[in-house]
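Asker: Here's the letter readout for the chains.
Protein chains: 4
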Amino acid sequence: MSNQELEELRAKVDEINLQLLHLINKRAEIIQEIGNIKTKQGMPRFDPIREREMIDKIRANNNGPFDDNTILHLFKQIFKASLDLQEVDNNKKLLVSRDRHPEDTIVTVGDTEIGKKPIMIAGPCSVESEEQVSIVAKSLVEQGVKLIRGGAFKPRTSPYDFQGLGIEGLKILRKVADNYGLKVVSEIVNPADIEIAPEYVDVIQIGARNMQNFELLKAAGQVNTPILLKRGLAATIEEFLFAAEYIVSRGNTQVILVERGIRTYEKWTRNTLDILAVPIIKQESHLPVIVDISHSAGRKDVAIPIAKAALAAGADGIMVEVHPDPPVALSDANQQLDLNEFNSLMTALKKANFF
Amino acid sequence: MSNQELEELRAKVDEINLQLLHLINKRAEIIQEIGNIKTKQGMPRFDPIREREMIDKIRANNNGPFDDNTILHLFKQIFKASLDLQEVDNNKKLLVSRDRHPEDTIVTVGDTEIGKKPIMIAGPCSVESEEQVSIVAKSLVEQGVKLIRGGAFKPRTSPYDFQGLGIEGLKILRKVADNYGLKVVSEIVNPADIEIAPEYVDVIQIGARNMQNFELLKAAGQVNTPILLKRGLAATIEEFLFAAEYIVSRGNTQVILVERGIRTYEKWTRNTLDILAVPIIKQESHLPVIVDISHSAGRKDVAIPIAKAALAAGADGIMVEVHPDPPVALSDANQQLDLNEFNSLMTALKKANFF
Amino acid sequence: MSNQELEELRAKVDEINLQLLHLINKRAEIIQEIGNIKTKQGMPRFDPIREREMIDKIRANNNGPFDDNTILHLFKQIFKASLDLQEVDNNKKLLVSRDRHPEDTIVTVGDTEIGKKPIMIAGPCSVESEEQVSIVAKSLVEQGVKLIRGGAFKPRTSPYDFQGLGIEGLKILRKVADNYGLKVVSEIVNPADIEIAPEYVDVIQIGARNMQNFELLKAAGQVNTPILLKRGLAATIEEFLFAAEYIVSRGNTQVILVERGIRTYEKWTRNTLDILAVPIIKQESHLPVIVDISHSAGRKDVAIPIAKAALAAGADGIMVEVHPDPPVALSDANQQLDLNEFNSLMTALKKANFF
Amino acid sequence: MSNQELEELRAKVDEINLQLLHLINKRAEIIQEIGNIKTKQGMPRFDPIREREMIDKIRANNNGPFDDNTILHLFKQIFKASLDLQEVDNNKKLLVSRDRHPEDTIVTVGDTEIGKKPIMIAGPCSVESEEQVSIVAKSLVEQGVKLIRGGAFKPRTSPYDFQGLGIEGLKILRKVADNYGLKVVSEIVNPADIEIAPEYVDVIQIGARNMQNFELLKAAGQVNTPILLKRGLAATIEEFLFAAEYIVSRGNTQVILVERGIRTYEKWTRNTLDILAVPIIKQESHLPVIVDISHSAGRKDVAIPIAKAALAAGADGIMVEVHPDPPVALSDANQQLDLNEFNSLMTALKKANFF
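Protein chains in written order, with the UniProt record's numbering: chain U, 1 to 355; chain Z, 1 to 355; chain H, 1 to 355; chain B, 1 to 355.
Since the hints were derived computationally from the structure, they do not count as laboratory data. Some hints could be false.
The list cannot tell twin chains apart, which means a pair is met if one copy fits it or any two copies do.
[Unchecked claim] Once the Cα atoms are required to be at most 25 Å apart in a straight line, the calculated BS3-like pairs of lysine-lysine come out as:
1) Lys-117 with Lys-12
2) Lys-267 with Lys-76
3) Lys-12 with Lys-26
4) Lys-93 with Lys-26
5) Lys-80 with Lys-267
6) Lys-183 with Lys-117
Everything numeric in this text was worked out from a predicted model, so none of it was measured.
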């Protein structure tokens, strides 16, 4: 007997489900109409006062069995869905998302197409001298690497640490790169410097500590030079994509994302490389993703397996620090490869058919 | 003109809102009826097959503008709310929650009522000798402290670290405590030892590493001895309350919760004391909450301000490690107070009217 | 017999210990002399090439039983200690440290002396309108609060979120504050704006996302306006102090530090308030420390116990978001207190004798 | 002139360096002698009282320029190095370390040699019925997989969640596995069950929540059945290796380590897969390392790239959850692959030559 009763009740639930479905969609249609009117009038979509009114009316009419909080939670979900729908309609979906732009973005630097096949970006942590940069550049050319990195403006935790050679460092990089037919990747830290940066660098790096320096991101969105944006020390993947959106939404679509590890409690590595972020970002976004194996691990003894893992996970390239004599480097001595170690890394990656 | 149009559309939305409200609540009533039938028949409330069926029907009937994912997300919220409602009906709301038991639980140990006014639990990290424990016990009595803690079974990261004196340690604690009129708090680590523990200890401690050792929790739920449960190294507040629920749901309602810091990236402290957890747990649960100032900070130079902060935040007590000669302690040498430091702490807390 | 042998061996160890002590100190003296010469010549203290040489010689002469790595580790400790000693000699010890400046720094804003007795900074998350700010200002004055906070430049995760009213917002703040005799605290995000900020604000806030925006810190070091510096989302205490050092070392000694919670895995709070940081920073530094109870918790139901805990831990003040109608706020709706809640907070803190 | 002076001072420093080197090593030799005597007498190596004495003498004789704290820090490093040296001498270096056992440990389960070439372990999160397990088993056999996993004892956060079928579940696993020629991997949670487990399972799993349940580890060390040990939710790599040491030091050398992600602030994944841990553990230890791609990601859309990354990083195998109908699974519905998805994963890994 009760089984029959159960079936009858379930049929009622199914019916209500369909009525709810109908009403929710009908509601969405009206909200779309409202949105269109608002767009014509230049009014913002989200109107907190109006939402308040609706909430008050709903609460006043709630007779249970759900309590007010549950009801308001459910309606907020419905409101939010409607708002999201408007955003889709209005093409406000993120420009960096694959939904908006299904094809991979290819960032072209000289004759290198980042996003097409894996690339290597290598060079010293800091630019120290023309000689130092030249030695590394020579090694890079021998290995077929096209992009050299080097820090001229170094954001350092302590004001008393080596802060980089500044413009002088950029000039050294440019000169050496031109001598060896390389392209330059280097960090810019002040919004005011973004405009002159293209004179010296081919790719402007925005460092982890500046990932949410929104003024710098906005400035980066106003040049045509490709931007290499590093994930913040403790940024979520979502925040990382929003940071890229700041750049892209201002017109510069040439953005390369760099996973460089996140801060955790683990002590045997400098950071924890978030390898899951690589395929997730590739899925969510059309921008190329590169893995910085130096800052993530902070130790060079696992460079080869980690570079392989990054490329196997779908990364569009590797970024690594190389120094002619790491123990005397002015910064990050422990994590920079020497030239032999760099050659071994390249050999291993070529042997595994990644390059 | 369009403002009038806007008003008309808004009126329609308000109407639909109320229809939705009505249907959602009506749906909930039917689900309650179904729940009652199921209860009679001893069937589980949640039926994934049935949920599947409903989802399939809804999806088949969705004509937009919402896409299927949005619709299914909204319905899952409604399903979940209905299920929660049933759980409330069926008194499945957590036993540790204040909703179920609005009055504070008072845990009585000897003549100490934990949860009524702030208490102090102090003693050495590890029981090393009768002499060591006696020296501490004497100090405790002089300060009016009633509960002595000391580790006999020490869960240590390395199998080669001092593992505690075991039963021998419990006997020392019992003897000294009886001599000085104190009550004993000590950790038990094996479910098989829970039953005999009350012979030696007045409060069974379950340590941070065992917070999700569910077999130990279940065993602890089957004795009458009060349980002092420490938050796991990286447990959420929610997981902490669920761990307590394992004990309480098996019949032992005498549970004291201990916030002892959580693992973060910060290097200047052993753990990060989650002070927010204190008022949040007090609000969510009726169980007493104590703060372990030794394991959270891992340094004793901030013992006084932190103890004050914990009590100001509403904690029901403080737990602290005290050793006659910390530099020679067999474990946790850096974080144990010596007797003078302990006296200073007690004096400071009394002066601030916490005791 | 072997006990006598043991004693003899121990005597030898003691003798060697004293020889080591003598040599280590003698070495330090010579290093100091070298340092003095270098200072005269304007050479940097740390010379990696020279360190390399020493390491090579030591390694070449090591015959065990310690292996090279252990020996090098021990010598690096000795080198580092010597370098630290030089830094002390050269007054390079951090300017923000209490070792350098034992007395508390008092930051004076109007007639408020921050660092002397606890203060309250309150106001809306974002400046939305003159009316909104005025309503809050009136409440502040009634409660005896002297500093109003409000965001005009809002660093937001998404470029599509409300970014604040900008200069217009600063003008509103200034006007309302002047009407009510209040002082203004507001965030500046672009180094280029630091110079004009004092026209509108009495305290320049540097937000959590900009704690390591070193260009902004440097600019903040070059004005006389007090700076309120928030701890980064995942900054260590050490990094926080170094960030303050960037400002102080450029000449602006009026810095207020704000603990605002750090990012952890916990989901029931927006951030985890690191209460231990309060007494630790007070111990390490002479700068005043304030606790932001809104951003740390991200929920207002625990505002009172957390404010009490912060002050009991030694904080020099509380910062809290207050909005006339939080549910319609353009940002952070969940964590802002309404006026009644703010009055309750003030009443509770006055009753507990904190104000 | 001062350059000559500099050279002379540097020569003195070099001389002192060599004297320090000599004394430190000489000291170590005496400590070794003392250690030998202690070993004969069965005395513990570390003697805190004696260390105290030495410290007191050193402090009494320190005349600077180093302050006492610096001196004591340096001597503690020397003491610690000496103690470490003794531990090496006494073969107390961890049994799980590659220093102790340079060759890879191969764990043999039936005709599968784990640690030799990559393997796959697959199966449902929970054992629900014989039919369910059989469907999965059939798929496994078709793909050449030899080990089936399935949970019979489920450690669940809430006491009201499905706790598994218990012994009944183990019987189902055994029966199905025997029918299909598979080997069984299943979790045991109570030390008391370890002894009977081999009757049903071929590999005993110890779950993440029990990684520091030392009583369970000790019990696992006393059987001959291979143990699959998962890394704790927030365990460091070092703690993970120590947990394995608990098992191996009690005689069971057949231990497989499983990296399954660690808890971080990231919200788009259930855990953060610590890919760096794979090559680091392989370097530090001789034990095989497997990556659980289900619990780390908590989402199945990135299963293929993550499995490739894990194997490219040097993992000895992959562990993945497979269910005939994930949406109706009694646990972890979102992260289990269905049979088609599992087949795609196997095809992708075979095509990439990992299997």
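Asker: With reference to the structure, classify each hint as holding or not holding.
Answerer: Structure-based check of each hint:
1. In this homomeric assembly, Lys-117 and Lys-12 never come within 25 Å of each other (Cα to Cα): the closest approach is 56 Å inside a single copy and 54 Å across copies.
2. With identical chains, the CA atoms of Lys-267 and Lys-76 are at most 25 Å apart between copies only, with a shortest distance of 20 Å across copies and 42 Å within one.
3. In the homo-oligomer, the alpha carbons of Lys-12 and Lys-26 lie at most 25 Å apart both inside one protomer (21 Å) and across protomers (10 Å), since each shortest distance falls under that limit.
4. Taking the shortest alpha-carbon separations for Lys-93 and Lys-26, only the intra-copy value of 22 Å comes in at or below 25 Å, while the best inter-copy value is 36 Å.
5. Only between protomers do Lys-80 and Lys-267 lie at most 25 Å apart by alpha-carbon distance; the minimum there is 19 Å, versus 41 Å within a single protomer.
6. Taking identical chains as interchangeable, the C-alpha atoms of Lys-183 and Lys-117 lie at most 25 Å apart only when both belong to the same chain, with a minimum of 17 Å there against 41 Å between chains.
The structure fails to meet hint 1 from the earlier list, while all remaining hints are met.
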